[in-house]
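Enquirer: Could you put the whole structure together from the sequences, leaning on the hints where they help?
As you go down the protein sequences, you meet chains A and B in turn.
Under our numbering, the residues of the first sequence are numbered 1 to 570, in order.
Under our numbering, the residues of the second sequence are numbered 1 to 196, in order.
The hints are simulated quantities; they were obtained by calculation from the structure and are not laboratory data.
Be aware that one or more of the hints could be misleading.
Residues from chain B that keep clear of chain A, each with C-beta distances beyond 10 Å, as calculated [said to hold, decoys possible]:
1) Lys106
2) Ala140
3) Ala144
4) Pro150
5) His161
6) Ala187
7) Gly189
Listed below are the simulated DSSO-like cross-link pairs for lysine-lysine, each with C-alpha atoms no more than 27 Å apart in a straight line [as the list claims (entries may be wrong)]:
8) Lys281(A) / Lys411(A)
9) Lys63(A) / Lys415(A)
10) Lys63(A) / Lys6(B)
11) Lys62(B) / Lys95(B)
12) Lys520(A) / Lys63(A)
13) Lys63(A) / Lys206(A)
14) Lys3(B) / Lys63(A)
15) Lys3(B) / Lys206(A)
16) Lys106(B) / Lys62(B)
In this text, a Cβ means the ideal position worked out from N, Cα and C, and glycines have one as well.
Given next are the chains, with one letter for each unit.
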Amino acid sequence: MGTEYVAIVVTIAFTIATSALLGGYMYRVFTGQRTWIDPVFVPIERLVVRLTGADPNDQQNWKCYSVSLLVSNVFMWLATWTIVTLQQYWPLNPDGIGNMEPTLAFNTISSLTTNTNLQHYSGETGLSYFSQMFVITFLQFVTAATGIAAAVAIIRGLAGNRLQQLGNFYVDLTRATVRVFLPLSILVSVLLMWQGTPMTFEGAAKALTVEGAEQTIARGVTAGVVSIKQLGTNGGGYFGPNSAHPFENPTPIANVIETWSITIIPMSMVVVLGLMTTRRKLGIVIFATMLAIYLPMVAFGVAKEAGGTPAIAAMGVDQSTGSMEGKEVRFGAGLSALWAVTTTVTSNGSVNSMHDSMTPLGGLMPMIGMWLNNIFGGVGVGFINMLIFVIVAVFVAGMMIGRTPEFLGKKVEAKEMKLASLALLWHPLAILVGTAIACYVWATTADPGTALAWLKNPGSHGFSEMMYEFTSAAANNGSGFEGLGDNTPFWNISTGLVMLLSRYIPIIAPLALAGSLASKPAAPETAGSLSAESGTFGITLWAVIVILGLLMFMPVAVLGPIAEHLALLQ
Amino acid sequence: MLKEIKLGIRFTVVTMVLLGGAYHALLWGIGRAVFSAQAEGSLIRRGDGTVVGSRLIAQEFKRPEYFRSRPSAAAYNAASTGGSNYGPSNPDHLKAVRERIDATVKEDGVQASQIPSEMVTASGAGMDPHIPPAAAELQAPRVASARGVPVERVRELIHAHTEPPTLGFLGRARVNVLELNLALDAALGSKPVAAK
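Expert: In structure tokens:
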């Protein structure tokens, strides 16, 4: 077990160290400064902008920026929905995959367009190679870039003084796609191929096994999907079991690369904030506050999974390596728990073990990660979610010391608080009301086990499966307690709607908030101003996140994982 | 608004070609040129060129002369993979684990406390190609007696096929079951297997 802790510490430390480098690069990209890879990627950027017909000089205010964002996403949705519902007529389908059923396609495309990647299909049986390339890969790039673009516009707003324009959406979108995600994805894909991830247009391999059975081995353009799935906090696996599948994540080295890929851009975004607002201390305070929530969650999750489960221990087998149901030998319990926490705090949602089979309290960590949804968070959007909590913390702190709340020299007034509250309250509303409706349907259906066939597990764990699904949809995460029989019209449509609303409300409201702050004059900060660049503010922010972000989920935590934990102890 | 619609459509088409097409084509080319074995799925072929499996994909071993893979909730179907998704308190899960323990105790003549939990729990994707070294040691006497060879010879092969944690600290020590079983056949001979 000892070496697993070393691996965890090294992985996290390496990611933090490299985020300073990548953050510096991204800052240069979004402020139009030169970088050393420009000769390769700038011509591609120019070509895309020219073919799109966008005018780089057309600076947009927050409303125009939001309209461009929404309209582009609508056409991405329509184009890809059309492709998957007709995929059997397209080329590159060596395994003869049929068309996707319309409600499943609604869910799938909404899921990918919102950067969620909740998967009610299984890749190897539900998608052709053409769909994996032109639908899945395409959306994984452009939706991640959409999040970055929104975050960059919001940062410009925060840094601005009587500023009306936040930037040009298509220029930001193209830069994030071509100059951030494309080079990183090519690099990570090549490293994964080196480790064993397939990249082929040939159909499934037919093997005659050692004992003489026939085995059909699904494969495909896996390396190209896995890299952007991780880097873009998408999380949608090429195969059903995601990065637990040996083709998606073949070795411990591949696992380090993929774990790094989950958090590197969300961490770098905090660095970008510090650099673009020319307030490095603010970046450090927010980074440290995030770490002060992330690290204890990792430590607790690893301890729980490494400790095994009492029911298996009672049967007398050697459980010294921890709880191994749903986990892979090459990763062990430690690296599986690290991934589970990392993928949920960041809105990624890929998995390298089955979360449904985690210990009850180990499985509570992914839920907490998604309930908060702002500890590094999704690319771009995680930072936006954190900004909402920063505004609330500023407000709370301002009330406590009896001063007008202000952030970066801008007064935070009723309008900003209303927008922050809207973004803040939508999240628990979607999760708790969604779960309540699912429970009501389950409870009022006669013989629900047969009639609905939703739940793989009885009792409080079954409740957790339903709650996890709405949590994952609302957090735009995409991981699941996959025992849930979720490919039904009820789950396809309900979670599809939750994903769409939970994507665009928390992007548009903060854009409006940033637009409002940007247009205000920045007052010079005095000794009497509330400084967000101090350890005291970091502690206040930490407390606001934990109290406000988690308290509303306490009742469902008790009904689900905590009840199951107590029952197992008996 | 018409301008916005045009921009949305054109951006979608342009980036779809770039990211869905050119990006994958580039990677495919790199894969073929530099990592051709991995790119096609790390397949293992017999002398006559037929594919016996992939070194990354578990297959089922039932006969006593072979080491067993970890239990698979997907029945080792590499075209439809997955875990059990059983929660830790699920009675069906506990029953399945109990049955696997009983079967291992009977077939390998060992005590429950010697069985690593990996051998009685289903892996994440149902395709885990590895078992822990202790799980191979556990099966060595059975494999040796089924093949009529001294157990030391089998143990030597296990040691030769044990991968330590990468760089000394990444991941866990592990044994690739398919490669070990093929090495057993190569070193100790096998009965030819006909297709069903």
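Enquirer: Do the alpha carbons of Lys520(A) and Lys63(A) lie within 27 Å of each other, as the hint requires?
Expert: 16 Å, holds
Enquirer: Straight-line Cα separation of Lys281(A) and Lys411(A) no greater than 27 Å?
Expert: Within the cut-off at roughly 20 Å; holds.
Enquirer: Would Ala144(B) pass as off the interface with chain A, using Cβ distances and a cut of 10 Å?
Expert: Holds, since 18 Å exceeds 10 Å.
Enquirer: Could you grab the alpha-carbon distance between Lys3(B) and Lys206(A) and see if it respects the 27 Å cut-off?
Expert: Not satisfied, since the Cα-Cα distance of roughly 51 Å exceeds 27 Å.
Enquirer: CA of Lys62(B) to CA of Lys95(B), is that 27 Å or under?
Expert: 21 Å, holds
Enquirer: Can we trust that Ala187(B) is non-interface, i.e. its beta-carbon lies farther than 10 Å from all of chain A?
Expert: 14 Å, holds
Enquirer: Measuring Cβ to Cβ, find out whether Pro150(B) lies farther than 10 Å from everything in chain A.
Expert: 22 Å, holds
Enquirer: Measuring Cβ to Cβ, find out whether Lys106(B) lies farther than 10 Å from everything in chain A.
Expert: 15 Å, holds
Enquirer: Is the hinted pair Lys63(A) and Lys206(A) satisfied, with a Cα-Cα distance of at most 27 Å?
Expert: Violated, at about 55 Å.
Enquirer: Evaluate the condition: distance from the CB of Ala140(B) to the nearest CB of chain A exceeds 10 Å.
Expert: Consistent with the label, Ala140(B) stays out of reach of chain A, its closest Cβ about 16 Å off (over 10 Å).
Enquirer: Are all beta-carbon distances from Gly189(B) to chain A longer than 10 Å?
Expert: 13 Å, holds
Enquirer: Would you check the hint for Lys63(A) and Lys415(A), treating anything up to 27 Å between C-alpha atoms as holding?
Expert: Within the cut-off at roughly 16 Å; holds.
Checked against the numbered hints given earlier, this structure breaks hints 13 and 15; the rest are met.
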